[in-house]
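Colleague: The listed protein sequences derive, respectively, from chains A and B.
When we follow my numbering, the leftmost residue of the first sequence carries the number 7, and every step to the right adds one.
When we follow my numbering, the leftmost residue of the second sequence carries the number 84, and every step to the right adds one.
Because the hints were derived from the structure by calculation, they are not lab data.
Quick reminder that beta carbons are idealized off the backbone N, C-alpha and C, glycines included.
Take the hints with a grain of salt, since some may be wrong.
[Claimed, not checked] Per the computed footprint, the stretches of chain B lying under chain A, defined by three or more beta-carbons under 8 Å from a beta-carbon of chain A, are:
1. 277 to 283
2. 287 to 300
3. 321 to 327
4. 335 to 341
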Amino acid sequence: MLSRIAESLYWVGRYVERAEDTARILDVHIHHLLEDASVEEDVACRALLGVMGITDASDPVDINRVTERLAFDASNGTSIRGALVAARENARGAQESLSSELWECLNSTYNSLPSQVERAARAGPHAFFSFVKERSAMILGLTEATLSRDDGWRFVVLGRSLERIDMTTRLLMACFGEPCGPSEWVTTLRSCGAHEAFLRTYRRPANASSVAEFLLLDRLFPRSAFHALGVAEECLAALEPRSGRAGLEGKARNILGRARTQLEFRSVGELIAELPRHLDQLQAACAQAGEAVALRFFHHTKAIEWSLEEAVGHT
Amino acid sequence: MGDLLDHYEADSAWDEMFDEAGRPRSAYTVLHQALQTLSEEDFGTRCAARDRAFRDQGITFSLSGEERPFPLDLVPRVIPAGEWSVIEQGVAQRVRALEMFLSDVYSEGQILADGVIPRSLVTTATQFRRPVVGIHPANGVRVHVAGVDLVRGGDGRFYVLEDNLRTPSGISYVIENRRTMARVFPELFTSHRVRQVDSYPARLLEALRAAAPEGVADPTVVVLTPGVHNSAYFEHTFLAGQMGVELVEGRDLVCRENVVFMRSTEGDQRVDVVYRRIDDDYLDPLHFRSNSLIGCPGIVNAARFGNVTIANAMGNGVADDKLVYTYVPDMISYYLHEEPLLPNVGTYRLEDTDQLHYALERLDQLVFKPVDGSGGHGLVIGPAAGEEELARTRDALLSDSRGWVAQEVVQLSTSPTHVGGGLQPRHIDLRPFAVNDGERVWVAPGGLTRVALPEGSLVVNSSQGGGSKDTWVLAPSGSRPARPAEAVHVYVADRPPSPPPDPGPANQAQQQQQEEEVEGPC
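Extracted from the complex, chain A is given alone in its bound form (with noise of 0.2 Å):
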């Protein structure tokens, strides 16, 4: 397929679910800041913007600071109506490799985000979390019902897992960098629409190990690190079969393998020891594959612009 859509299609599967990870994360936060008469609102604000790399000056930050900025600002890519309205851009020039009724859940997702911003400021910001988790489930559903197992859908779900590790890491960093007690542990669970599974995986409360082990480590559940991982690379070992009969020649799929096994084969005592390396080794592990499969797959042609001066200069 053209390297033009292949990139199309892998940031489509990035941005869908990073608007559909900021509304869990957001939902939960906003409500658990509300709720919780302990939290401060200061600190905790600038925790959530700081899971997006996002530092913000102001003083203080309050929630409808970090709303505006984390779900409302069309500008901002790292924003859910950005990564939205990015997500609908990029089908656009795929729009022939989608299904219809693909492109056309992208575009009238995209068509009533500003109905849907005005109502989230009468009705509450819920409302408009539970659009963008609805809608990026049916566009999930739709990609999984209507699309051939073919490279396409192979980018697209690339591109989702490889975000959906990066978000998970990025809460976990959140959540490590402060003192948390039980009730963060559940939020933060919740954040990543864990909690019952967690729950009826350990059958007992959250605290800081069982969080971490379950986040990143559980085999089962498609929202952990390593099981993201996993699928990541079956995508990647589809898109570029094995050649010779030694090694690997993927580059990405070579740090997705030793990200994952440097999940795999560690205790859990052994990960929280040093949590905080661990997650920025995983995070930089997803920067170098979004990077190393741009590089093979995508191949940037940096648009050529003709200069007339340059041109004179070298003569």
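Mind docking chain B on chain A? Use the hints.
Modeller: Frame of chain A, contents of chain B only:
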């Protein structure tokens, strides 16, 4: 400017929001201001959002065959920190005393021997369960969960109306009400410091695990429900889900050689703790009602052998018998050597002929309750009852004076409640929930506030058209509640912030040219 409170006229009862002069009480000033800015129309929008949320989550109850969203009134009830601390300590004190009473009457019966409580009172109680005598719960706890019904009288004090030590329900609505309020009215929370209630399931699970039979390192806990047709089924699934344990019906359990198992795809799995939401009567057809189809035959013997813990314990009904209730203040001084922090409502023991005659003369001024009832069943409110009902009550009292108590009517406090086109005073009560893990009695900071929706009504039960309110216990001003200490993990204070997410490809220059390149029929 809003019009919601335009026609609010408090009656003679204590009003939660306004003092006698009609000024908002200090805990309510902020809420009052916020309500003033809302119009009836704004409020209606929020109500619609609330109904949709409840309906979508399946939090409904059926009223004459129709599924209705759970009736949550959107004006919260606020309890300042000082008042709460009295309630919290008072409820915990009561639960401790009742716990000691239960353990006493099901073993030596010291309190009966000392004549503090007549022996006949206990032995004639319908809820006294002989099969329970001699069962010693693993960690000594019989009241794992308690719900104590409180009302605020005209003097502003809280009184205990009744204790519920069997299967008190309502905690799921406490948690769901809070969640829904935070979604529908987020801005109200930003100006208040409301204490959280959602740690309840975790606390309950801890208490249930702590109650496991001795020697079980990793106990299997289950919630036992009568089934989907039970009116409290939502609560059963809620608690099982939030605790991450199996929700079982009687038919999923089997007893062999005094051990309880649940049938699973991986074969029978041993069960150590059963949090049951089934009445004693239906729990075990071998010991209680032999026609029960929803119980587990043999579970009582398994408990006797110490192979399973039943929570709440069987036979707890003897302690929430309405006649035994009149002795709870005596129990508190007998067992704990303390003064009761929460007084009882004035109650007449009808076995005493003087008190019976006094009550019979004032049939239309008192409230009559069957001693072993719960959930408002069989309740007769004198001032509201008709001739015929009063006559029937008179006969009932005369034929079975042990079966009834008479209580003074408490003018329940009122709270602004959304009815029709604005806010009106409606009567409310409060049910806080306590969890006993054997170490301490924890009272969830909040509780179920029930509202009697018909004007002037004093009956708050949801089966009789009652509503509910989110109950806000405020954190003490100036101080933040202590963070729970959990020093397991490393933490690096000065981490650099995460790098921003990959912004993705940008092709603005091309976009511009694509736009310039016009194609089409010229």
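Colleague: Hint by hint, note whether the structure agrees.
Modeller: Against the structure, the hints come out as follows:
Counting residues of the stretch 277 to 283 of chain B whose beta carbon lies closer than 8 Å to any beta carbon of chain A gives 5, which reaches the threshold of three, so the coverage claim holds. As drawn, the stretch 287 to 300 of chain B meets chain A at 3 residues by the rule of a beta-carbon pair under 8 Å; at three or more, the given contact holds. Counting residues of the stretch 321 to 327 of chain B whose beta-carbon sits less than 8 Å from any beta-carbon of chain A gives 4, enough to reach three: the coverage restraint holds. Requiring three or more residues with a Cβ within less than 8 Å of a Cβ of chain A, the coverage given for the stretch 335 to 341 of chain B is violated, as only 0 such residues are present.
Hint check: a violation occurs at hint 4 only; the rest are consistent with the structure.
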